[in-house]
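Visitor: Spelled out from the first residue to the last, the chains are:
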Amino acid sequence: MARVLEVRDLRVEFRSRGKRVRAVNGVSFHLDDGETLGLVGESGCGKSVTALSIMRLIPRPPGRIVEGEAEFEGRDLLALSDDEIRRVRGNSIAMVFQDPMTSLNPVLSVGRQIGEALRVHRAMGRLAARKRTIELLEQVGIPSARQRVDDYPHQFSGGMRQRVMIAMALSCEPRVLIADEPTTALDVTIQAQILELLKRLQGELGMAMILITHDLGVMAGVADRVCVMYAGYIVESAAVDEAFKLPRHPYTLGLHRSLPNLVRGPRQRLVPIEGLPPDLANPQPGCPFQPRCQFRLDRCANENPDLEEVTPLHAIACWVDVTGGDRHTGQPRHPGVAVAG
Amino acid sequence: MSAEELLRVSNLKVYFTQTRGVLLRHGTGIVRAVDDVSFSLRRGETLGLVGESGSGKSSLGRAILQLRRPTSGSVLFEGVELTTLSGQRLRRLRRKTQMIFQDPYASLNPRMTVGRILAEPIRLHRLTSGAGVRRRVSELLHLVGLNPDFAHRYPHEFSGGQRQRIGIARALAVNPSLIVCDEPVSALDVSIRAQLINLLEDLQQRLQLTYLFIAHDLSVVRHISDVVAVMYLGKLVEVADSDDVYEDPLHPYTQALLSAVPIPDPDLERRRQRVRLEGDIPTALDPPSGCRFRTRCQYAQQRCSDEEPALVEVRSGHSVACHFWEQIAATRSAAMVKEVS
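Protein sequences appear in the order of chains A and B. For the record, in the first sequence the residue sitting at position 270 is 270 according to this note's numbering, with numbers rising by one throughout. Quick note: to get this note's numbering, add 341 to the position in the second sequence (first position is 1).
Keep in mind that the hints were calculated from the coordinates and are not lab data. Treat the hints with care, as some may be off.
What the hints assert, rightly or not - Restraint ranges, calculated between C-beta atoms of paired labels, are given here:
{"no.": "1", "chain 1": "A", "residue 1": "Glu69", "chain 2": "B", "residue 2": "Gln639", "range": "45 to 53 Å"}
{"no.": "2", "chain 1": "B", "residue 1": "Asn450", "chain 2": "A", "residue 2": "Ala79", "range": "46 to 54 Å"}
{"no.": "3", "chain 1": "A", "residue 1": "Glu204", "chain 2": "B", "residue 2": "Leu408", "range": "47 to 55 Å"}
Said to hold, decoys possible - If you want the footprint, here are the derived chain B segments under chain A, 3+ residues with CB under 8 Å:
{"no.": "4", "stretch": "522-533"}
{"no.": "5", "stretch": "554-560"}
{"no.": "6", "stretch": "603-609"}
Claimed, not checked - Some chain B residues near chain A, calculated using beta-carbon distances under 10 Å:
{"no.": "7", "residue": "Glu393"}
{"no.": "8", "residue": "Leu484"}
{"no.": "9", "residue": "Leu487"}
{"no.": "10", "residue": "Gln536"}
{"no.": "11", "residue": "Arg617"}
Given the structure is predicted, the values throughout are model-derived calculations rather than measurements. For every residue, glycine included, the Cβ atom is placed at its ideal position computed from N, Cα and C.
So that you can see chain B by itself, here it is in the shape it has in the complex (with noise of 0.2 Å):
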């Protein structure tokens, strides 16, 4: 494993105004959407960033890219400083980080030929001219599958996941080091959805990228992520090799997450314990005091609402934020103990 560190993000925060208003527009509250993350990603690996819808893992995916300038914070590619960058030399930076979006459709325009999709950034960023350009782009399009051929056709004419090969070859046409995979096969139905992930994974191998993952599906994120972090209410709850967060998750929220998976094996079903929780997720609006999941927690005491638990690694690259989790862990380990005999 190289340990090169590509990415560090350090305490970013993405804030909304929440508006009212159209002749009088004035500010109604603050969505606190990404609250004062960190981490950091090596060179080489992929790090699945999981949540629920509203947790804010899509506004840290943007605001690390400066496709929506965080609130403050920083962000450190390749040594660089991104988040005062601006002009050329963030342009020429952003060559190195691309995005896959979740619906290919809608990051595809409609009445642009494939071909002039992928040469548009070649285009863009000068990377080759002419002729170059047309074998650039029939060279991307073998990279990911697709017949050379289809570079005169329209977005229209491919299916879901064809489309989304097109996404990625237009990721890969600038050559990037990182790319930001927001919900990249969500849309996707499970037969086509693995091929997408073993091409991912190919290209990975052969052109030595980095990706931050973004799913919601854990499945998939336990599949294709070297390390995951589990976001909740714009703040990471826990962070950890994959293994180790599947395995043994130690902040409560993981472990009811996990427990939620519905598990394609009828007899493991029929057996599970399930973690039950209750309501839904608070809004960012106006976020519980102290640690935010508390309001779902069955382990939630006088602390938790006093004092906001800090994101602290209590195993070697194990990280947790949760006063809890050594009592949560034992009372756990011996239940189980309990259940087995």
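Just chain A, with the same shape it has in the complex (with noise of 0.2 Å):
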């Protein structure tokens, strides 16, 4: 498959009241062409920095890429002139995010929003917008899409509107479509249509996805890949079987022991993580994770582990290896008992 996208060692920092926050701590990952990469974590973990540095919509100031690159098409998108990205972005890269109703513009119709992107890197002219306009909301399932495209947001459900939104991300048939949390504000049956049309289109127009997530139930049920991100870090990186089947970072083994199980029967106690999420604006050295990990060992308060392949595809930011195996063969000494637990 061939690679869309090369993330190399993104660093994000926000200013707020003289300090620094250190959002993303190099972050490396790559995309390649049709697959859906899940990028999930908590509040503040750094996984819409990460999409909106990509997509170079993070405010400056207070926020700045500190370093890194994304190779995309040959180029390097942290490094384009402003109008250089402009063409990019809703364009070949494309984006959904979590409120449609602040993202779009309650003033103009969805129609005229959708046809902008035509107009601007399509040069279509307006009849011709149009048309393809009312194409695109027929395609992501608006009934009677002729007579809606005239219509202004606030006239739309939730669910409707976030069709919109898809509808005005795939305008231009992006080669990657960055969703951010898109289904988070609705409601669960709503959610299922929304992600099931995401999969058929991603399927019809063969794209690249991204998706932002904090729900591992989405994330299982769309994703090829997993990475699971912790105070601006990736922890672990594995394809979501084994993400899921056979976590091997404390953090992603904690998460899925404090979700409350909607299919097994008798009722357990849930395992939560205990303790804080770290303040990003005053790092300690170690392991960021280090301070909530039961599995803590001394070296873990003075060295952060950098994210290392324990097997072929799965790698980890971690001293220890929860399945217990060695973090350089990657044998698990007990295979899937951590997740029974």
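Both chains are sitting in their own frames, so use the hints and assemble them into the complex.
Guide: This is how it looks when you write it as structure tokens:
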């Protein structure tokens, strides 16, 4: 599979009340053609900032991309001029946000907003753009699209608004779609509709997708590969099945154990991760998860492990590996034990 | 299990008048937020109330506590009718019924220290005075797992999870027997959410609390509830023991809702057959005739629009409001047999 996007050593910080908040601390990952990469983690872990950085949408000030590269179609997105990145944004890389109400302009009809991308990036005339817009609205499942194209965002329900956002993102048939918590504000039955729509369109258009979510259930249903983020680091990266069945980083395991189960019968007490996430304005030496980690070793307090592969395509940033495997050979001593606990 | 009934809600209705205009204010319609809801709750139990946004679950919770007076119907709490109480006598009973809100930041006064926030209800209800108040505040903070020294701090100095602990401590300050928890963990991250769920469970054990637990997250509700009630457009459509609702849902809406919940297991997600629910929840301003779910129900027939199904106990402790639940159950089990073989 061809590589579409390669992010290397991305660092982003924000200035807040005279302090430097290190939101993203050297994140590297890649995205292949047609695949879905999930970025999962809790609030403040840096998943949205990572996505916004690729799109160069970090407000500056207070934000600043300190270093890193994002290679896309042979160019480094982070080094492009404002004009050049504008030609990429909404064209070959598009984004869908969490809250469609705040990301749509309330005083313009949805048709005009979707058409704007077509007119700017594709140099379409007004009539051609309108025709294509109606097609797009039909494609994302908006009933009687021809009539609704002139409606305003407030005339749509939350789920329908998110469909409008998706139509807008797909208008120029992007190679990469970044979806940042696209269903978090929606009810479960509507969420199921939108996720199905995204999967279907991804197949039809052959796009690669970065899906950002805090919901491990959504991740399990949509992603091919998963990167788990914590405190601005990727702490685990694996194929979706391994990330869920054989998590090797204590934080990933902790997330799984924190979840109440819908499926299995007997009620078990949840095992939360004790304590709170670290203050990113005041980074401590060592592994950022170490104060909350039940597997912590002495060295964890001083040495922050790099993200390294323990088995092919399964990497963790941890000295331990909770499957009991060796960090270098990767053989689990008790396969599966970790999750069942 | 104790069989003592703590709360009995009968034929409860909460209607809102929708108005237009400022000078010439006039009603334009009636929103039937809660329409003829009946259920009971035993001491020490947790009733989980689930439904999508707009189903009326929060309105129901508020009407039970008389925070909004119901339009009609009865709320018996410890044998006392709350809907006709007012003044002193209502206030005295309010001490026994408390609420925990979704957004702990919006529900805590930012200008008051945590100590004052917790002392206020104690003083108002004259539970103790002077040094007794201070002692009680320390005790409450300790009870919810916060350092008693935090009494001098302000809400903004705490994280979301800690603030929710303060919200819980405030509810507990007056020794209530019933707590309405309105989406108490929805705003929290997974790892913190598990801490709070465990805390709520521990407190229930220690203080023999009864919970009405309102949430849209079905996994959380299954975990915490003894009995689950499913609400759709102002009506209860199914009520049963937690395991029965999840293992053997009888109402087509419950079935669709459960099948839409993403499960954090990639294998299961790939194998799942989803019950697809088309469209959005209709408006409570003009609900469909007969069964309110019929517009989205794959089994709907003529009778469903002519005749409203009553909530009937069809098995011991399992009630459902559907004309065709038996036929649907038969179809489903036939389909399942086919899938297995």
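Visitor: Hints numbered earlier in the text: which of these fail when held up against the supplied structure?
Guide: Violated hints (numbers, rising): 8, 9; every other hint is consistent with the structure.
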